[in-house]
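S.K.: Read off the chains here:
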Amino acid sequence: MGLSGLDIFKKLPKTNCKECNFPTCLAFAMKLAAGQASLDDCPYVTDEVRAELAEASAPPIRGVTVGVGDEAFKVGEELVLFRHEKTFFNPAVLSVVVSDDMDDAKVDELLKQVNECEHERVGVILKVGAVTVKSASGDAGKFKALIEKVKDATKKPMILMSEDVDVMKAGVEAAGDSRPLLYAATEANADAMGALAKEKDLPLAAKAADLDKLAELSDKLTGMGLKDLILDPAPRQAGQTFKDLVALRRAALNEKFVAFGYPTITFPCEETDDELYETALAGMYTCKYGGIVNLSHAEAWRMYPLLVLGLNIYTDPQRPMAVDSKFYEIGTPDENSPVLVTTNFSLTYFIVSGEIEGSKIPAWLGVVDVDGQSVLTAWAAGKFVPEVIAKFINTSGIADKVKHRKLVIPGYVAQISGELEEELPDWEIVIGTREAADIPSFLRQLSS
Amino acid sequence: MAFNLPTETAKGKVREVELGAGGKAKKEGGENCLPFHLWEGQMPNRPMVAAEVSDEVGEFPAALEKALGDVKNDPVAWAKKAVGEWGADAVFLLLTSTDPKATDAPPEQAADTVIKVEEAIDVPLIVYGTEDLEKDAELMKVVATKAEGKNLVMGPAKEENFKRIGAPAIGYKQTVVGMTPIDVNLAKQLNILLTNLGMEADKLIIDPTTGALGYGLEYTYSVMERLKIAALMQNDSMTQMPLLGNVGFQAWKTKEAKSSQEEYPEWGDPEKRGIMWETITALALLLAGADILVLRHPESIRLTKKLIDDLCAVGV
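Protein sequence lines, in the order shown, are assigned to chains P and X.
Using the working numbering, you'd call the opening residue of the first sequence number 4 and step up by one each time.
Using the working numbering, you'd call the opening residue of the second sequence number 137 and step up by one each time.
For reference, chain P alone in the conformation it holds in the complex (with noise of 0.2 Å):
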């Protein structure tokens, strides 16, 4: 990260070639630094120079995969402390642990939740990222019945649970090809965890009583030759968690140290027993710095909260959500029901939704394509005007269910109510609230 186009233009071979595609050799070098090339075009591009801008442009935060298929996440890549700063990247992941001294019905009863979870908002589909396999018997066998069970249920990655190197080769070869994540590496057992997150080319958690056993334990892991880490201070209190979390973020995006370059892992399930606080803290995490987070149970209740709150944190403040652009039912309407048009700002959608919706007034709500933006901003920049509501309203099929001929637009942009009636000559103009908590009050009295 950091380098400059410049910087990167030095170390080409200056022959303008154009076997990369680019007329010149400074023309690729800015492309490279936007992120928009990939220096495996050069042919020409030494190893030593390539290992270098390699190292140079690897992000402070390293991303790591973990799972195979539509199911793998990745966590990491964080670029910023705040997200107004650019934005964040990949949400934190939520896992639910099921350990091999549950009985079955328990176990049941938990990747049930896990698969059940699922919720789509704006055009997003919110679900548990994984499953956290504890063995807390210490027995082998156990630990590979219960992941084999665990892969029969779900395709969902794996974090296989166990400081025993015997007991986590043999959840190894009970997870075959899934690749999942080893928890975990401490001081005492590095050497053999290491070497079989080595061998078997897996992502290994490392985890330590405090920060400065951390970093020590990460330059001993990728002094081994591994790549894909990620971090586990291991407090296990909460405000010392949210510091340690706050501290490794600081120190890899603003100190440049190496040893903290990955992304994290918290257990907000071992800081309490309290089932509405665990949540709690896992949305804490979410918001500041947890790569994944360890829940102990998955019901729709505490999901549905935690993976919004993802969502929220995780938009890119630089471009809003859009919700899709057409009529929407709110509620149950008939050919009699009201309808309103508004913009598709997924906030927009939202709030105007939520207030028809309280009104207990049926209507037909019709969302414009305007880029994600919101009434005035939408109307400032001539995208919601009267010959693209016009157009929105004509191919919406609208005009087919209702039979009045009503139109009510936000009070906001009263002034273009003019003009859309020439563009709709069938319709009605009615120039609806400013604001959308006055909806309600307004829908009774138009209904009335």
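You may find that some hints are simply not true.
As the list claims (entries may be wrong) - Straight-line alpha carbon distances no greater than 30 Å define the calculated DSS-like cross-link-like pairs of lysine-lysine that follow: (1) X/Lys237 <-> P/Lys363; (2) X/Lys389 <-> P/Lys363; (3) P/Lys363 <-> X/Lys202.
As the list claims (entries may be wrong) - Sample of chain X residues with no beta-carbon within 12 Å of chain P, all distances over it, derived: (4) Asn168; (5) Ser233; (6) Lys389; (7) Lys391; (8) Ala393.
Because the hints were derived from the structure by calculation, they are not lab data.
Note that the Cβ used here is the ideal one computed from N, Cα and C, for glycine as well.
Given the coordinates of chain P, work out where chain X should sit on it, guided by the hints.
M.R.: Frame of chain P; chain X shown alone:
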């Protein structure tokens, strides 16, 4: 490789604002570090959890009805319970009855309730109108007059009515919350206007508008982080007021918090779901820099206070 904890020292600090008067007074703000970064600064007053009490409640979601029981229609009893049983650090009295779109109760009547509640509790009182610009101005004038010298925290003062709320607050020695729509510069601007009017800067609190979880939380989160960073790292005077997050009202308005199990079976237990919707909104804002959090459900109050305790219990 030995590790040295990276620390950042702030150039500025948040103003210490006193809420309430006499034996009920409590200070808030005063921090010179990012939220809970106690290894590089101090938070002399830990964030405050205020319980929302309303002078008129229609229908509440079942989880709130259950938690409130028979105090729902008695703001004095409700406030006493919130302080005595739930451990609220302050009471936030929402004068719902004055809403011109509903009951439209006269300011004098609402102000009587303010006095009764204020006298019944031994913690600071925050009083909010219903965000009707005209009615709030009339209301706060009466409230400020009747409660002279009690140093109530009154709001929300907005760009359109700040003079009519600020002037009686100055005259009768109250503190004011300025409310702006999720924007750092608008928040600063309103503070400049209020101080130009004659308000002391240490009698101001910022309400940057709260978006609930799923309803714009990320905007409030980032605006609070930016205000706090401006206050501490840039020493920007007009951002150095404590921040208020009006969480309960916004969180319990969402269908995710208030819907029953029958309406959305896939969302699970409605009571725990509602509590978490509120608590997660609160904790996100706590981490972003809120100094005062306004909550409704006693469990949300408990959980938020516990988190504050845990975050403050860290050695340097």
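S.K.: For every hint, state whether the structure bears it out.
M.R.: Against the structure, the hints:
Simply put, X/Lys237 and P/Lys363 have alpha-carbon atoms about 17 Å apart, close enough for the 30 Å limit, and the pair holds. A distance of roughly 14 Å separates the Cα atoms of X/Lys389 and P/Lys363; the hinted pair therefore holds under the 30 Å criterion. At most 30 Å may separate the alpha-carbon atoms for a hinted pair to count; P/Lys363 and X/Lys202 meet this at roughly 23 Å. The beta carbon of X/Asn168 sits about 16 Å from the closest Cβ of chain P, which is more than 12 Å, so the claim that it is off the interface holds.
The Cβ of X/Ser233 lies farther than 12 Å from every Cβ of chain P, with a closest approach of about 16 Å, so its non-interface assignment holds. Against chain P, the non-interface label of X/Lys389 is violated: not every CB pair exceeds 12 Å, the least being about 7 Å. With a minimum CB-CB distance of about 6 Å to chain P, X/Lys391 fails to clear the 12 Å threshold, and the non-interface call is violated. In this structure X/Ala393 is not separated from chain P by more than 12 Å, as the shortest Cβ-Cβ distance comes to only about 9 Å.
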